[in-house]
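Asks: One line per chain: the protein sequences are A and B, in this order. Residue 122 is where the first sequence starts when you use the working numbering, and the numbers rise one by one after that. Residue 122 is where the second sequence starts when you use the working numbering, and the numbers rise one by one after that.
To be clear, the hints were calculated from the coordinates, so they are not data collected in a lab. Hints should not be assumed to be uniformly reliable.
[Claimed, not checked] Quick list of in silico lysine to aspartate or glutamate cross-link-like pairs, EDC-like style, CA-CA up to 20 Å:
id	chain 1	residue 1	chain 2	residue 2
1	A	Lys449	B	Glu529
2	B	Lys449	A	Asp251
3	A	Lys532	B	Asp282
4	A	Lys211	B	Asp251
5	B	Lys128	B	Asp422
6	A	Lys444	B	Asp376
7	A	Lys439	A	Asp422
8	B	Lys532	A	Glu219
9	B	Lys449	A	Asp237
10	B	Lys227	A	Asp237
11	A	Lys532	A	Glu219
12	B	Lys227	A	Asp238
13	A	Lys227	B	Asp238
14	B	Lys128	B	Glu327
15	A	Lys444	A	Asp461
16	A	Lys532	B	Asp376
17	A	Lys128	A	Asp376
18	A	Lys449	B	Glu219
[Said to hold, decoys possible] To list a few chain A residues with every Cβ distance to chain B over 10 Å, as calculated:
id	residue
19	Leu130
20	Asp179
21	Glu198
22	Gly325
23	Glu327
24	Asn340
25	Ala460
26	Ala472
We put the beta carbon where it would ideally sit given N, CA and C, even for glycine.
There are 2 protein chains.
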Amino acid sequence: MSSLTIKQLRSIDDGFDTALNQLLAWESVSDGNLQQTVADIIQQVRTEGDAALCRLSDQFDRFPVESMAQLSLGAIEIAAAFERLPAQQKAALRFSAERVTAYHEKQIAQSWRYTDDLGVVLGQQVTAMDRVGIYVPGGVAPLASSVIMNALPAKVAGVRDIIMTTPAPGGQVNDFVLGAAFVAGVTEVYLLGGAQAIAALAYGTETVPAVDKIVGPGNAYVATAKQQVFGKVGIDMIAGPSEILVICDGLTDPDWIAMDLFSQAEHSHDAQAILISHDAEFLRRTLAAIERLLPTMERADTIRRSLNARGAFIWVPKLDDAKALINKIAPEHLELSVADPEAWLPDIRHAGAIFMGRHTSEALGDYCAGPNHVLPTSGTARFFSPLGVYDFQKRSSLIGASASAASELGKVVSVLARGELLTAHARSAEQRIND
Amino acid sequence: MSSLTIKQLRSIDDGFDTALNQLLAWESVSDGNLQQTVADIIQQVRTEGDAALCRLSDQFDRFPVESMAQLSLGAIEIAAAFERLPAQQKAALRFSAERVTAYHEKQIAQSWRYTDDLGVVLGQQVTAMDRVGIYVPGGVAPLASSVIMNALPAKVAGVRDIIMTTPAPGGQVNDFVLGAAFVAGVTEVYLLGGAQAIAALAYGTETVPAVDKIVGPGNAYVATAKQQVFGKVGIDMIAGPSEILVICDGLTDPDWIAMDLFSQAEHSHDAQAILISHDAEFLRRTLAAIERLLPTMERADTIRRSLNARGAFIWVPKLDDAKALINKIAPEHLELSVADPEAWLPDIRHAGAIFMGRHTSEALGDYCAGPNHVLPTSGTARFFSPLGVYDFQKRSSLIGASASAASELGKVVSVLARGELLTAHARSAEQRIND
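Working from the sequences, and respecting the hints, build out all of it.
Replies: Here is the structure:
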């Protein structure tokens, strides 16, 4: 086994800014070949529909099928999968779904309107999307929580049809994932993976209905396909590797902090776990805890690779100095392992989710605290938000002018539209001036 | 001059669905050459910074400059441009900015939090982005209203730095556009156009600061560049040609309806204007009005090309039959030129902006009614919203668990994380269980 060589930085050293920038640098690479391969797959699905999906199932998922019926699961099969789960898993999924629902219900936007002093009715009508698609990756881990976090906000928003696709290599699909689909309100499941799943959701086939928006994580094929269909449908944010930034005042058990860092690092070798403290002795004790605990971890190899490649300990002279680093890093997950986390909030401008206090491990947020675990990565918390109900609602502006209001507004439109040389706009408003 | 041949459809005819689909079909085409050209320009700006911007200004905008100072305008120059405007234009810009501000202030999202029955503090902290970029196209029309509509929602959201870029062919920049920047709170202007402007905003140069989000319309180079930098920064929706759908009960002056249709058609030859009525005689009278008024229009040629290529009159047996067509078309602009537009609202699921009643011409919304004129096109109102304050705010989830709450939640996390084979997640939560 290779050794642990997690980076040790001090914010006062020359070259710290450069070292930090290098540490944070991450760019998704989607080369021309991949773009072309994905474009070809999308074209096959657009032109051949179900026939292409059946052929690609054999080609990519080692699951030869004769018809789409073998790739389609309805409400009865979804419910049956849930029933097959152990009681403890059933209860845990229900508990998670209830808490996630309760939190997301607070995000529901309501329609509003008002009448201004000219007598113009102005407002915004909020409606849910009709139909959305949730992509759930296959792979090693059966991502039940991902189903809950992607589907439930749509359900809370009032989306009528929630279509899930997930690859079923060799025809195998995990009951834990299907059980999560059951508690999350998924209405149909298609056993499709990769770019072909995204193409089917975006354009529809004889069997798969076209959706309005596609959300959920995936590999490079899935991510590239989502980018290519963006505009035809909505998509969620572009996700990079998962990250955590832990700020600690030195008074939390180092074993707790070590395990919190592991919980990000175990995701993938390019996940990022960073710890900041002003307490050099605490940083040493945490490093010792990491070295002691790492060999006990099931995913020790991934954790070690991740910590070596992208992990860091950063010492700052005063703990308050961490605030500027938080806003520079704009972390996906921010753990404030300090005595008074409330006092930090007003200074935090950019973070996906903020875990307040020593007891609030990031893992609570991944599964059942209530907020969404789909969060902006790689500094994109500067402009992206957690996935939420707002991602599945949309707005229509309302404008209703009385005859006199249309006359008054029309005079201003005339000046501005003529200033822009758009005379049909001007005349459309002018003909309603009644002076 | 070519003749007017606007399509006449009847919803009861065989083949109507196919004809409607063909009428609505629109796909942005961004070929491989354009993608590569834009990628090259972005790479030049990333590696050479200001030097690349100065070189490209000469190459694309026929504006040879020696330094970025010649491409940079600050607060004093922006204010001076406003002062040079005629009093009527100044007043109209101020009137528009005030109304747009008042409407958008209703969109401001507030932070919220609650404590649940386990004692977990849960909430959402809402913050503004730090810095955004507004792209304003050059070309024939000086798009002052576009500056107002793109910049003011950012200002209302509390964005500190609002950076505008606009091409200045030959070094010329329009006072009307700069005056709009003044009333809309733009803080800096750079005379940059095309993909190089988008690259500078996304990655920053020695002079141009990198922004968090880029909004605003542009040509194919600009649109392709925005797609390529998406993820590094946020972008607004992908805009297609402008469109209007007018529903009329036959009781509005046909001249009014004709001019409302012209006001979309004059934008470009691929703009779309559609009229639906159950009153065949009214449709005939409106066609006559179009034929009579068209020769009087400054932009008659564009209007005719647009109406011939993408315009349509659709007759329906009953006016209520228009409702299904509205939701199918999901129009950018919907004019309800009917006696009781309120009665229609509950049935309208997809529309960018709804103009209620005979007096409410679409042009009011373009300039000064209050709502934004940046709206989802080409059916994307199924999942996109008008540009708004929400596009410049973002959210951070808040989670604060007490020792006892962390213990209770930890038991559920243990079941779910172990079900997903993520044991570091499980142990991170389990170590806080205190039974």
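Asks: All the hints need checking, so say for each whether the structure fits it.
Replies: The hints, checked one at a time:
no.	hint	verdict
1	A:Lys449 <-> B:Glu529	violated (34 Å)
2	B:Lys449 <-> A:Asp251	holds (11 Å)
3	A:Lys532 <-> B:Asp282	violated (32 Å)
4	A:Lys211 <-> B:Asp251	violated (44 Å)
5	B:Lys128 <-> B:Asp422	holds (17 Å)
6	A:Lys444 <-> B:Asp376	violated (62 Å)
7	A:Lys439 <-> A:Asp422	violated (34 Å)
8	B:Lys532 <-> A:Glu219	holds (16 Å)
9	B:Lys449 <-> A:Asp237	violated (32 Å)
10	B:Lys227 <-> A:Asp237	holds (12 Å)
11	A:Lys532 <-> A:Glu219	violated (54 Å)
12	B:Lys227 <-> A:Asp238	holds (15 Å)
13	A:Lys227 <-> B:Asp238	holds (15 Å)
14	B:Lys128 <-> B:Glu327	violated (54 Å)
15	A:Lys444 <-> A:Asp461	holds (14 Å)
16	A:Lys532 <-> B:Asp376	holds (18 Å)
17	A:Lys128 <-> A:Asp376	holds (19 Å)
18	A:Lys449 <-> B:Glu219	violated (34 Å)
19	Leu130	holds (23 Å)
20	Asp179	holds (28 Å)
21	Glu198	holds (20 Å)
22	Gly325	holds (13 Å)
23	Glu327	holds (16 Å)
24	Asn340	holds (16 Å)
25	Ala460	holds (13 Å)
26	Ala472	violated (5 Å)
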